[in-house]
Amino acid sequence: GENVEQHPSTLSVQEGDSAVIKCTYSDSASNYFPWYKQELGKRPQLIIDIRSNVGEKKDQRIAVTLNKTAKHFSLHITETQPEDSAVYFCAAGGYSTLTFGKGTMLLVSP
Amino acid sequence: GAVVSQHPSRVICKSGTSVKIECRSLDFQATTMFWYRQFPKQSLMLMATSNEGSKATYEQGVEKDKFLINHASLTLSTLTVTSAHPEDSSFYICSASRDRVDGYTFGSGTRLTVV
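Taken in sequence, the protein lines are chains Z and G.
Letter by letter, the first sequence follows residues 1 to 110 in my numbering.
Letter by letter, the second sequence follows residues 1 to 115 in my numbering.
Keep in mind that the hints were calculated from the coordinates and are not lab data.
Predicted, not measured: the structure shown is a model, and the values here were computed from it.
Don't take every hint at face value.
Residues from chain Z that face chain G, not an exhaustive set, calculated with beta carbons under 8 Å [claimed, not checked]:
(1) Y32
(2) P44
(3) L46
(4) F89
(5) S96
(6) T97
(7) F100
(8) G101
(9) K102
(10) G103
Covered stretches of chain G, going by a simulated chain Z footprint (3 or more residues, C-beta under 8 Å) [unchecked claim]:
(11) 42–56
(12) 108–114
Cβ atoms here follow ideal geometry from the backbone N, Cα and C, with glycine treated the same way.
Turn these sequences into a full structure, and let the hints guide you.
So this is what it looks like as structure tokens:
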């Protein structure tokens, strides 16, 4: 089955700095790579996703890159704000299943 | 957009009782729904995949007799935790996919506390 590794487990940045979270996956058949933001006690919210036929996707301050050859993908958040503080999960899979990374707790200090 | 509703949001039950959690897709038909369990400060662990009209597929280590899943319609899947024990206390979240384009939408989760 799929195995997803996510790093770092915690990340502290100053407001305005950039934050990068990296994930690797093991199953070359995976073709869908979403990123979720989860605040304490709430449901994961999809913030951006990328499919295997695309190498990069950007949505305002958030971008995701995918390297299928190396089997890794990354989340980039620019101009971080305190409200970006949350736990972020990467996931890899397809239409029938999704495997999550262990999460990254991002703390943005004012 | 796709909306998934999950009820109840919180439930406290006594050891030995059963608890049913509902997951509904409100504005789309979901042939497949997924049930996850999340312990504090941990990731989401897939428990089972629920397919409408057929038996659920359980992940390794998940007791199918303890976590009963029913997907009776294209908009409703239920998870019943039978004979609950304190170690079953956790955050349970369902998700569903409308189609192969939109990806997965999560329910709001259910915080189960067994006392």
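Hints versus structure:
| no. | hint | verdict |
| --- | --- | --- |
| 1 | Y32 | 7 Å, holds |
| 2 | P44 | 5 Å, holds |
| 3 | L46 | 6 Å, holds |
| 4 | F89 | 6 Å, holds |
| 5 | S96 | 7 Å, holds |
| 6 | T97 | 7 Å, holds |
| 7 | F100 | 5 Å, holds |
| 8 | G101 | 7 Å, holds |
| 9 | K102 | 5 Å, holds |
| 10 | G103 | 5 Å, holds |
| 11 | 42–56 | holds (count 6) |
| 12 | 108–114 | holds (count 3) |
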